[in-house]
Structures are given as structure tokens and as C-alpha cells.
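Taking the hints into account, I'd like the entire structure generated from these sequences.
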Amino acid sequence: MVVMKMKFPFQKRVQLAKGLWLLSLSATVAGALTFSLGCILKTELLRRAEVMDNSNIHVVPNTLMIVGLASLGINYFASKICQDALDAGQFPRWKNFLKPYFAISSFFTVLMLLAVIMSFAMTGSLEFSLKVGLRNGIRFYKDTDTPGRCFQKQNIDYLQMAFECCGNNDFRDWFEVQWISNRYLDFNSKEVKDRIKSNVDGRYLVDGVPFSCCNPTSPRPCIQYQLTNNTAHYNYDYQTEELNIYLRGCREALVNYYMGLMNTIGTAVLSVFLLQGSVLVSLRFLQTSMEAVAGQENTEIETEGYLLEKGVKETVMEFVDPLMKFLLFTNKVEEAGAILV
Amino acid sequence: MPFMPVKFNSQKRVKLAQGLWLIYWLSVIVGIFIFSLGIFFKIELRKRSEMMDNNESHLVPNLLILVGLLACGINAFGGKVCHDSLDPVKFAKWKPMLKPYLMMCCGFNGLLLLTGLLCFLMQFAVYLTLAEGLKNSIKFYKDTDTPGRCFMKRTLDMTQIEFRCCGNNNFRDWFEVQWISNRYLDMSNDLVKDRVLSNVEQKYLMDSVPFSCCNPGSPRPCIQHHLTNNSAHYDYDHRIEELNIWTRGCREALFSYFSSMMSSIGILVLGTIILESADMAGLKYLTTALETMEDPENPECESEGWLLEKGVKETFGDLLTKMKTLGKGNQVDEGGDAQEAAT
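Just so you know, the protein sequences line up as chains P and F, in that order.
Quick note, in the working numbering, the first sequence goes up one by one and the last residue is 341.
Quick note, in the working numbering, the second sequence goes up one by one and the last residue is 343.
Accuracy of the hints is not assured; some may be wrong.
If the Cβ cut is set under 10 angstroms, some of the chain F residues that face chain P in the computed set are [stated by the list, open to error]:
| # | residue |
| --- | --- |
| 1 | Asp157 |
| 2 | Pro219 |
| 3 | His233 |
Covered, in the sense of this in silico footprint (three residues per stretch, anywhere, with C-beta under 8 angstroms from a C-beta of chain F), are these stretches of chain P [to be verified]:
| # | stretch |
| --- | --- |
| 4 | 151 to 161 |
| 5 | 184 to 196 |
| 6 | 210 to 216 |
None of these hints come from the bench; they were simulated from the model.
We put the beta carbon where it would ideally sit given N, CA and C, even for glycine.
Shown next, in the form of C-alpha cells:
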């Protein structure tokens with residue numbers, strides 16, 4: 001039961017070889033493109049690594065880079081093989097090479113598809129990582145004198161200004177932490193003492209946000225402090241005021257940014273996957289049609305090409321069986337047991 | 001006595017033609033690069049035009065765009081001539097155009113020199129425009145309800161954040177203007193009334209700066225208001241505090257940005273002059289080598305190439321006499337006409 005049998009007269013074989021050569025050239029360029037897209041994604045993820053708790057999401061750009069490099073090798077060999085295909089004397093030297101070559105190439109091509117699927121599936125993991133990272137960033141905002149956290153304030157400020165966002169879920173996250181360091185609080189002042197006593201943890205909480213939450217498009221100068229107190233500012237109603245500070249949370253802003261980036265990259269990688277798949281399919285047809293020519297005197301006869309010699313299940317079993325035998329030793333143990341008894 | 005003669009055999013001629021063809025295409029790429037730099041510079045000027053009072057001079061970017069396009073055209077033509085030079089039939093149709101082409105290249109080099117000089121000289125104009133424009137921007141910061149100036153606040157805030165600067169010369173420029181609109185001032189409040197009456201022009205002046213002057217690298221939350229009042233903030237001395245707000249003025253920041261851009265473009269343009277001169281020299285050698293072939297039917301013969309047919313002094317002397325005869329020719333004609341009119 002052969003899968004996808006096709007007849008290949010000599011001219012068609014020649015055309016297939018030439019077309020495959022061009023295809024493998026463009027697939028090489030596409031592979032380099034995949035590698036560079038992986039590098040770009042990794043750089044972008046590393047830039048904001050301080051607000052990410054774990055680096056699980058880095059599996060996507062790492063896979064893209066590996067696949068990009070692998071496809072360069074795959075397509076190099078594909079172009080070499082199709083150049084030799086037109087010369088019936090040269091082609092047989094590739095015989096033993098092709099079986100493992102196809103196995104490895106299919107593995108890397110499937111890996112490409114997996115990378116695209118992963119980039120969509122890992123949204124939840126990215127969001128969780130950002131949630132924890134941003135929460136810590138906001139908590140350690142004031143610790144500009146603690147080694148290892150000195151630059152947390154600067155990072156969060158630049159992040160909020162660049163992505164036009166405030167806080168983790170929204171600006172109210174700043175009301176729940178003390179973001180002003182004790183070094184700049186006058187503990188002799190009555191107001192400071194009252195505030196600190198007013199909550200269980202002894203923290204100085206304000207209904208204010210850092211300056212980096214300010215929205216430059218607001219028509220009035222930025223109101224940072226006493227945000228929920230309408231009487232503290234002239235002509236101000238915090239429930240209807242929309243332009244004063246950024247209302248969006250940084251987690252949402254970052255997730256949108258990275259999902260947009262990964263969607264674009266995913267689309268490009270999908271087309272590279274299709275291109276690579278077509279290279280492998282054409283190479284398989286070329287190989288099977290050339291194998292039938294081997295040993296014949298007239299190299300210009302018509303031959304048959306196919307994708308798989310047996311059906312899909314049987315081909316998979318062919319590959320998996322030796323692997324299973326090696327891993328499980330089941331046959332050997334059974335035989336030994338039977339002999340003893 | 002030809003100026004700088006060089007002997008050419010067939011091999012050398014072929015090599016010269018091929019090398020010159022490559023250099024011409026390199027010059028085309030450089031021309032495209034200058035064109036794109038001109039467009040980039042124009043876009044940057046447009047982006048910051050609000051800071052420059054909308055009357056900045058676009059002479060330099062326009063010249064760069066023109067020069068880039070001309071460079072592409074001239075060098076592509078030169079490349080085509082080189083490509084055809086080794087085939088005598090094709091070369092014959094280009095021969096009459098070569099002298100005016102070389103004259104045009106000389107003129108183009110002069111234009112390049114002018115552009116390069118302007119890149120350096122126009123920086124003064126940019127500085128003056130920036131000084132005037134920023135002063136007005138700070139004045140109109142509060143006018144977010146006046147048509148034509150609605151976005152001044154946003155533009156100035158984004159500029160101060162992006163270029164890490166505050167005010168025109170420094171942050172004290174904000175103390176001299178009212179940057180809070182009257183719409184947000186409670187005029188019935190005594191404090192507000194005191195402040196407004198405290199100066200001749202009835203402006204609400206404060207020793208405060210907008211939030212965009214804040215430096216994120218400061219270890220303490222930003223102090224925007226009461227900047228010169230040490231007792232208003234705990235553990236604060238305005239004379240030694242350096243990290244709180246940006247201390248650099250925006251005029252200096254923007255000027256250094258534009259000046260470095262214009263200087264690098266100027267250096268590139270001056271480098272292009274050297275490249276173009278090399279192109280012209282190569283083409284002159286190639287054409288003279290092809291013209292002086294003793295036996296046109298035999299492509300293997302030797303020939304001589306030079307830069308100028310006579311020495312430098314004699315060539316200039318010839319040019320001057322040519323220009324004089326042109327002038328005299330007109331006089332003789334006028335004299336003749338006058339005689340005819342008289343008779």
C-alpha cells in the first residue's frame with residue numbers, strides 16, 4: 001500500500017531536480033530568517049527580563065534558533081542531493097545517507113510547527129511570570145539602597161513610560177505598597193506617624209503614584225498624589241478623569257506587546273514550515289524515482305516515485321520497533337525465561 | 001606633454017574597465033545611502049518642528065535628497081559607459097557624450113562640496129532656531145485649549161522625557177513662566193490670589209517643574225514642587241541634589257543630537273567627493289586609453305592614457321583663452337551689427 005504514487009518521466013525528473021534546487025535555496029534564506037526572528041524575540045524578552053519571574057517563555061526563541069540553524073544544514077544537503085540527482089552515476093552515493101537524513105529533517109520540521117503552537121500556548125505562562133515579576137518590581141521599587149534591587153525603581157519607571165501603563169493590574173496597585181523609602185520620610189512629623197499607625201504592617205501607604213504613571217497627553221499638569229481626594233485639587237473628579245495617569249496595567253500592556261510580536265513571528269515561521277515541508281516532499285519523490293533508475297542501462301526511462309513505501313502506520317512502526325527493542329529488552333528476557341523453565 | 005600618462009596594454013584596459021564598473025556601482029549605492037539620509041534628516045526635522053517654532057530651514061535635507069538622486073543617475077550612466085567600453089561598436093555611440101559628461105561630473109563635485117560645507121555651517125542656524133522655538137514652547141505649554149497649540153504640552157513632555165532634559169537653558173526656565181493653565185487654578189483661593197498678585201504680569205509663577213523633568217535614576221521619588229525650598233522636603237538640599245530632575249537644558253540636548261547627525265552626514269558627503277573624483281579619473285584614463293589605440297582593428301595593441309592632454313597650467317590657459325574668445329566673439333558680432341545698422 002504505497003502512499004502517493006506518481007509517474008516520473010525523464011523530463012519531469014529533470015524539472016523536479018531544478019525546481020527543488022531553487023526551492024532549497026529559498027528555504028535556506030527562510031531558515032536564516034527563522035534564526036534571526038528567534039534572535040530578535042530572545043533579545044526583546046531579555047530586555048524586560050527584570051519584570052519576568054521565570055524564563056519558561058524562552059523555550060520559544062531557543063527552539064526557533066535551533067530550527068533555523070538546522071534548516072540551513074538540511075537545505076544545504078537538499079541542494080547537493082538534487083544537483084547529483086541529474087547524474088545517475090553520482091546519485092547512488094547518497095543511498096545510505098538518505099534514511100537518517102529524512103528522519104532528522106522531519107523531526108526538525110515538526111519542531112518548527114511545535115514552536116509556533118508553543119508561542120500561542122504559552123500565553124498563560126508568560127502572563128503568570130509577568131504578574132509575579134511586576135508584583136515584586138512594585139514591592140521593591142523603594143529599595144534603591146539594597147544591593148541587587150538598586151535599579152528596580154529605574155526599570156519600573158522606564159517600563160511605565162515606554163509602555164504607557166501604570167502598576168500591575170492598574171494604578172491601584174501602588175496604593176497597596178509603600179513605594180517611598182523610609183530614608184525620605186520624616187518620622188518626627190505627625191502626618192507620617194499617623195499614616196504608619198493606620199495599618200497593621202506599619203507601612204507608609206499613600207493614594208499616590210510615581211511620576212512615571214503620568215500621561216503627557218493630559219491637558220492639565222499631572223496629579224500624582226491624593227488621587228482619590230476630589231477636594232485636594234481644583235476642578236478634579238477622579239471617577240471621570242481619564243487622561244491624567246495611564247489607566248492600563250503594565251501586565252496587560254506587556255502581554256499584548258509580546259503576543260503581537262509572537263503572532264507576527266508565528267505567521268512567518270508557518271510559511272517557512274510550509275516551504276521546508278515542500279522541499280522534503282519533493283526530495284522524497286526525487287529520491288524514490290531515482291532509485292528505480294539505479295542499475296538500469298537506459299537512465300532516461302520513466303519511473304515511479306512515492307512518498308512512503310508502506311502505509312503510514314507501518315512506516316512509523318518500522319522506525320519505532322528497533323527503538324523499542326533496544327530500550328525494553330523484552331524479547332531477550334522472555335527467551336531466557338523460556339529456556340530456564 | 002600629457003599630465004600623468006600611464007601605459008595600458010589590453011589586459012590592463014580590461015582590468016581598469018571592470019574595476020571602474022564596480023566602483024561606479026559602489027558609488028550608486030553611496031548615492032542611495034545619501035538619499036535615504038536626506039529623507040531621514042527631513043523626517044527628524046519635521047518631528048521636532050514644534051520645538052523649532054515651525055520655521056526651521058529644510059535646505060540641507062532637500063539638497064541631500066537632490067544630491068543623492070543625481071549621484072545615482074550620474075554613476076549609473078558612468079557604469080553603463082564602462083560596461084560598453086570594451087566593445088568598440090557600443091563605445092562609439094557614447095564617445096561624443098563623454099566631454100560634457102565629465103564637465104557635469106566636475107559640477108556635481110562642486111555641488112557635493114557645497115552640500116558638505118552647508119551641513120557644517122547650518123548647525124548655527126539650527127542652534128538659533130532651537131533657542132527661539134524652545135522659549136516659545138515653554139511659554140505655550142499651558143495652552144492646551146488653544147487651537148494650533150493643543151499638543152505643545154505633549155510634544156514638550158515627550159521631548160523632555162526622550163532627550164532627558166529640562167527647560168531651555170536649564171530647569172529654572174520653568175520658574176519664569178506660568179505653565180499651569182488658569183482653568184485648573186482656583187482663583188477664589190487666597191494662596192493663588194497672592195501668587196498671582198506678587199508679580200507685575202499677574203502670572204501664577206512657582207518654583208516647580210513639570211513631571212517630564214523627573215529623572216527615573218533618582219533613588220527618591222521625584223520632587224517636582226517647591227524645588228528651592230529645602231524645608232518643604234525631608235532630607236533635601238537643592239544645591240547638592242543632582243539626580244532628582246534632569247539638569248541639562250533641552251536646547252543643548254537637541255542641538256548635540258542634530259549637530260552629531262549633521263556632522264556625520266557632512267563627513268560622508270565629503271568622502272563621496274573623493275570617491276567621485278576617483279571615478280572621474282578612472283573614466284578619463286579609460287577613455288583616453290581607448291582613443292589612443294594605434295590600430296583600432298587590433299584589440300591587443302598598447303595605448304597610453306592620461307588625465308589631461310597638456311599640463312595643468314596649459315589646460316587652464318587654454319580654458320581661459322576659450323572663455324575670452326567667447327566674450328570677444330560677442331563683441332565682434334555686436335560691432336558688425338552696429339555697422340550694419342549704421343549703413
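Going through the hints against the structure:
1. Asp157: holds (4 angstroms)
2. Pro219: holds (4 angstroms)
3. His233: holds (8 angstroms)
4. 151 to 161: Since 5 is at least three, the answer is holds.
5. 184 to 196: Since 4 is at least three, the answer is holds.
6. 210 to 216: Since 5 is at least three, the answer is holds.
In this structure, every one of the numbered hints holds.
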